[in-house]
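With the first letter of the sequence shown counted as 1, position 41 gets the number 41 in the numbering used here; the numbers rise by one all the way through.
Everything hinted at is true.
Pair ranges (Cβ atoms, derived): (1) Asp82 - Lys41: 26 to 34 Å; (2) Trp84 - Ala30: 14 to 22 Å; (3) Thr36 - Ala80: 15 to 23 Å; (4) Ala97 - Glu26: 16 to 24 Å; (5) Ala75 - Ala47: 16 to 24 Å; (6) Thr113 - Ala93: 27 to 35 Å; (7) Thr89 - Gly109: 18 to 26 Å; (8) Ala94 - Ala30: 30 to 38 Å.
It is worth saying that the hints were derived from the structure and are not from the lab. Ideal Cβ placement from N, Cα and C applies to all residues, glycine included.
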Amino acid sequence: MGYKVHTVDGRAGEVDTSTARTYSKEVRVASGTAGTYQLCKVPAGAAVIAVRAYRTGGSAGTVQVKKNTSDILAAPMATATDAWAGSTTVQNAACAAGDNLSVVLAAPGGSPTEILVQVDLRTAVPA
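Please take these sequences and the hints and turn them into a complete structure.
Below, the structure is given as structure tokens:
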């Protein structure tokens, strides 16, 4: 809950006084092709709290997220056809400002048409 404020332009609203912010970064690979894809450069200190993936078509594929050269997931996560797969069990989760996050897609089977990977981060600094 925040505080009610009134601005000089007559607008009213609430101010969020908490410091924690959760945000997501996504990468969409249209061809579902194996490889390493850059996700983002972390703008402020943050912690990875979840990884999710959605595969359209095909029959198999795994996802790994890397912070610089370190794996975020203990083992690559299997994707599901036309459904979300996800994990909140992460390692190497603490990210410093400037760390590079990338997604590694491997073992695509049955020619998936698209893979979407979402990484959720929590930070004390609005990003």
